[in-house]
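Engineer: Each chain, letter by letter, is given below.
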Amino acid sequence: MLGEGILKGLAETARNFLGSYVSKDRLTTVQFPEERLPQAEAARNFPFLVYDGSDWQAGLRCVACQICEKECPPKCIFIEKSKDKKPDYMGKPQFYPAVFNIDVSVCMSCQICVEVCPFDAIEMDNAFELSTCDRFGGLLWPKSQLAKSNDYFHQIHPTAASEVDERLAEAKTKADAKTKPLAGAASSTSPQPESASTT
Amino acid sequence: MTSRLTTPVYEEMPEDISDRIDQGELLEIALGPHHPSTHGVFRMDVVLDGERVVKLKPVFGYLHRNHEKIAESASYLASMPYTDRLDYICSLSNNWAYALAVEKLAGLQVPERAEYIRVITAELTRLVNHSATIGFLTQEMGASGTPLMYAFREREKILDLFESLTGSRMMCNYMRFGGCRVELPSGWLEQTKKIVEEFPRFLDEYERLLTGNEIFMARSQGVGVLKKNLAINAGITGPMLRASGVNYDIRKVDKYGIYDRFDFKIPLGEHGDVYDRYMIRMLEMRESLKILNQALRDIPAGPIMDPKAKIRGFRPKPGESYGRIESPKGELGFFLISDGSPNPYRYRVRPPSLINLTVLEDMCRGYSVPDTIVIFGTVDIVLGEVDR
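Keeping their order, the protein sequence lines are chains A and B.
With the working numbering applied, the first sequence corresponds to residues 2 to 200, in that order.
With the working numbering applied, the second sequence corresponds to residues 1176 to 1563, in that order.
So that you can see chain A by itself, here it is in the shape it has in the complex:
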């Protein structure tokens, strides 16, 4: 019969419409921003710099090795290395970033900076409500804005954060075991990044 298929289709639509009143499965919309779905733990959106302790300037893990700057696909990271050194979390003197800027209007949240970082100093955030009225200065984040505590990292990515903590603790105990017999020769055992030059 002509029109049978159309009637069947309309019955399907009606079933979905009426079903949306009783079944959560058929009504999938959420009234954002009043209602919010929980974010996936792996969710990523723009990187941030991790610091240990309470003072962000003293606790930054970043040693300004500039690997992320070189590897970043859209080249949105800008780092200026410091002239002097200051002790890192293992107590070794290291360089630190005098300037560390990320242009989030260019960043594409690909996570490659996180993967290439040998010091676990940069991690992915999951904040997404970041609109600003200033599209130049407001989207060029300096290190004061990028620095976030390790506690915050634990809060947004608990599994990844504990893995990183374990890895760092292991490196620290190894470094301690090496440095104790020959105290003072700390600088020679600092983790050196492999060369990752892009021509």
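Keep in mind the hints are simulated off the structure, nothing from the lab.
Nothing here was measured: the structure is a model prediction, and the numbers come from that model.
Every residue, glycine too, gets a C-beta built ideally from N, C-alpha and C.
Some hints could be false.
Examples of chain A residues toward chain B, derived with CB under 8 Å [claimed, not checked]: (1) Gly6; (2) Lys9; (3) Thr14; (4) Ala15.
Covered, in the sense of this in silico footprint (three residues per stretch, anywhere, with C-beta under 8 Å from a C-beta of chain B), are these stretches of chain A [to be verified]: (5) 70 to 76; (6) 105 to 114.
Chain A is already provided as a structure; the job is to place chain B on it using the hints.
Structural biologist: For chain B alone, coordinates are given in the frame of chain A:
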């Protein structure tokens, strides 16, 4: 059952076309450039005789991003997130094609678990792509909203899986040379199994809604026929080729990854019209579910990265390689030449969308303007991949 009123008027291109345009007999208009239901920004310059298409010229390049040249000046790894943005509906299969090419170049072995994860994510991507394509197709036929939203409801469930695995819904950037980036989160396989089990319900619902629908059949049967010979000669791949009745699927031909372990069929069309291209995609989704069920059952434990793979300072030996996969849209290939430096000497993408688009004029000639939109919809292109 329903007879078509439309019959192609112009089997071949008429020759005296410019005179007839000058005399005002034929009308030359531009369809677009607009965003025809999310395929991307695309323009068709058509010459019309009344309502019939006489000539059609696809115009693209509005989304050109210089992907290949950027890749030649960036490291191998840095191109991986850019491959997500080729065909932004199925980023995971793009990742796989690129990873495959680099693995051939560098001689990396992918661990078994990683191969299974790749198959699972690639087949989920196929579900995402085909349900989106069919949703868009109905939208282009004028079924405003409802079928598209049903398709997107199911797509969204799979995108949630992608988010919990890779961190991003669409720009997954998940595969790496020699494996995958992160281990599956706990409970991910169970969630996937649940969605795979429920997916046939959506397909049945969709078939009840569309497959027997008289309007849908009248709009699609016998429209935009792509002949077998033309499809082969033009290098068409993917569901479009199979809808014309050519048995060619790279999953069966190359057996890349571990596709030789799975039991699945290749659906084939007979007429090569819009309806066949729709049905092929519906059937392919059911075959994908079969593969997914087998892969989810058999996935072993183990490492997910080749221990030889290096994330920093990756320099493959000089040489060249071509890696290709059956992406949801057709044959997606990456051709790479390495000169031993950290960035490829030559990087070339073989996009299925661009090559499938070349027969658009042959399929549309003689049909009316609304048919053209529908035929364009079944080519299933994403302009991110066409323009690169």
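Engineer: Check each numbered hint from earlier against the structure, then list the numbers of those it violates in ascending order.
Structural biologist: 4
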